[in-house]
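Novice: Quick mapping for you: the protein sequence lines, in order, are chains P and E. Here numbering that gives the first Met the number 0 is used: the first residue of the first sequence is 0, the next is one more, and so on. Here numbering that gives the first Met the number 0 is used: the first residue of the second sequence is 0, the next is one more, and so on.
Derived from the structure by calculation, the hints contain no laboratory data. Source: prediction; values computed, not measured. Heads up, a few of these hints could be off.
Which copy? The list can't say, so a pair holds if one copy fits it or any two copies do.
Heads up, simulated SDA-like pairs for lysine to any residue below, C-alpha to C-alpha not over 20 Å straight-line [to be verified]:
#1 K16 <-> G362
#2 K318 <-> E131
#3 K373 <-> E232
#4 K84 <-> K318
#5 K44 <-> G332
#6 K202 <-> E166
#7 K374 <-> V8
#8 K318 <-> N49
#9 K213 <-> G269
#10 K111 <-> E260
#11 K84 <-> D313
#12 K111 <-> N163
#13 K44 <-> H284
#14 K84 <-> G20
#15 K366 <-> Q2
#16 K132 <-> G114
#17 K44 <-> L107
#18 K207 <-> E370
#19 K56 <-> E23
#20 K16 <-> K109
#21 K78 <-> H284
#22 K84 <-> E306
#23 K318 <-> E180
#24 K176 <-> E306
Protein chains: 2
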Amino acid sequence: MSQSLKFSVISKVSDSKARAGFFETGHGIVETPAFMPVGTQGTVKAVNQNLLEQDIKAQILLSNTYHLYLRPGTEILEKAGGLHKFMNWSKPILTDSGGYQVYSLSSLRKLKEDGVEFRSHLDGSTHFFSPEKVIQIQRSIGSDIMMVLDECTPYPCDFEYAENSTELTSRWAILNKEAFENSEQLYDHQQFLFGIIQGSIYKELREKSAEGLKKLDFNGYAIGGLAVGEPAEVMYDITNFTTDLMPEDKPRYLMGVGRPENILESIDRGIDMFDCVMPTRNARHGVLFTTQGVLTLTNSKFKEDFEKVDEYCDCYTCKNYSRAYLRHLFNAGELLALELASIHNLHFYISLVVEARRRILDGSFNKWKNEIIKKISIKNNPREIGMEE
Amino acid sequence: MSQSLKFSVISKVSDSKARAGFFETGHGIVETPAFMPVGTQGTVKAVNQNLLEQDIKAQILLSNTYHLYLRPGTEILEKAGGLHKFMNWSKPILTDSGGYQVYSLSSLRKLKEDGVEFRSHLDGSTHFFSPEKVIQIQRSIGSDIMMVLDECTPYPCDFEYAENSTELTSRWAILNKEAFENSEQLYDHQQFLFGIIQGSIYKELREKSAEGLKKLDFNGYAIGGLAVGEPAEVMYDITNFTTDLMPEDKPRYLMGVGRPENILESIDRGIDMFDCVMPTRNARHGVLFTTQGVLTLTNSKFKEDFEKVDEYCDCYTCKNYSRAYLRHLFNAGELLALELASIHNLHFYISLVVEARRRILDGSFNKWKNEIIKKISIKNNPREIGMEE
């Protein structure tokens, strides 16, 4: 019988739903709000694990079940002793269930009552993911937090499609929980399972989804099906509505979000956990986040700018290199550009949630949030690249 | 008036011309034999400066005048305060003169008495390198060791072409030395100038070239025009012949060499300094050097091999990751593969010359060299990629 995830909320804010807390896994504590760098294939693109831990100070990574299942495959992961050992990462890992990638990457997806058939984006081979199967794969991976198989509805999505899809996700959730209870961990640390609330932009569907999942008593709850193209205001509204339906004593995870201001606005609406490819993907295109807004370092205006990327940042990149040097590296097509920019952007995201946590603890979150969003908002930074991979 | 480079030979071997020594620059001491990682565009491909210094323990880098002149250009380098500051590298830097890249990379090269006209490989723009010009560019770069402009003869090369070319290089050497003496350093460290002995595979030309250069009293002497396609035995023979012509009390640099066994055989023949793209370029193709021979990590036979790349290596890669993980990263096209493999190969090369130095000091160089070459020789490792960039 598995134990509950120990999640403690240690501070709330009076004028906001924001909360600071922490939870414990076999690979250590995660302080919330938390941002999880995305390590799709068992590596955060362009950044080594030492920098992730020591400089960027990531407390938890996300990795993708769909990708790891296809490559290197569960057999190799099991022989390695799980993903932590395979990639040499001793802190917590969360894996998604693969549902989103089946929807976004694979061809010829066939949704059936008992799961989803799809073709690999790598070689066209046919595979089948069921709730039982994705639990089994995540047992092989050994992630600290596993996610249930769901269907991620697209945007826009009509009510009937969303209703049927959400009901399917709810039926799968039961099977996921059963498979979780009936399976054993393969390694010497406990694994936890989070449910995913779907329902597109329809509040009555979100409500039904949340009610169904809560009965199953998951270790945490995620909001899925947002950040798929809907306006930010809609995302905030649905997030705000849905967090009211979620247990107070379990972590709340908003999947795939987002821009820096999306993260702060969602913390304000009661979210504890985030993941997004934005910091790393923008970095690889020379788009860097700073406390003063976005810099596009491929721009020639930086060629004689010997300042650091962000004067308030103490990441490895900002401590050692100038904008002009990074601009040169991008201009010359050098690989080091991708590493240095990725380090900075991940450090920015992690520092942002760490600062948010500090502000929640000292009661100044809302005031700080409104000030910083003015500087970093997408409205003033049109060169950012979106969050959809 | 510039001071001489202080070069001390501290140990020689009785059964070999191998020697251990060191020289001092304004950016610190370089122990010889030394291997210089190649940082063509002001960055060693895929490896950050912290790892280069702390893990790989590079004592000196090579950077390319041709590339830096085209991008970012001397104006930006001067505004940055020189290349050391621009790239944040506090140890010594050697720059080539650009002669080799004009020969290997540019189109429409026109050799004239007073220099060489060429078109940029980047945008086709026309440029002119003279002996004076390349000194001026290297003053802007601020490299600790500058190289003279030369013509690098191709292989094969008939005697008449080689003779004319070598005489031109010798006339340019005089102009280089004059330009060096008549120009000032731009930053607060002294720069030194090395001459380059040419002469293709013709010993009488090597002799004439060396005699001419020695009269000019350079701070060190390089052998150019080897490692351009000739058989290894020819390279060794010309190297051995030429080092006898070179001053005992100045560093001897064999340009662009080479495979690990080429380096050891050339140390045996009296060479002190090396540079080569082989470690980094092979790394990016998944070809890793080890004390037991070469591993091609893209090979599927490594997919369940959880050993370190080289059991005797203590680089960041070997201390933290397995062959199976690296194989996965290469297979999945992940950027981290390039970094981890480059770290290992550079660490291998530097460790090789450090060990050679230790063996020279304790008198066991020749015996050790013959044993290790059996394991690492190209004859047993056909998958290596050549040294020509």
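Novice: Hint numbers the structure violates, sorted upward?
Specialist: 2, 7, 10, 14, 15, 17, 18, 20, 21, 23, 24
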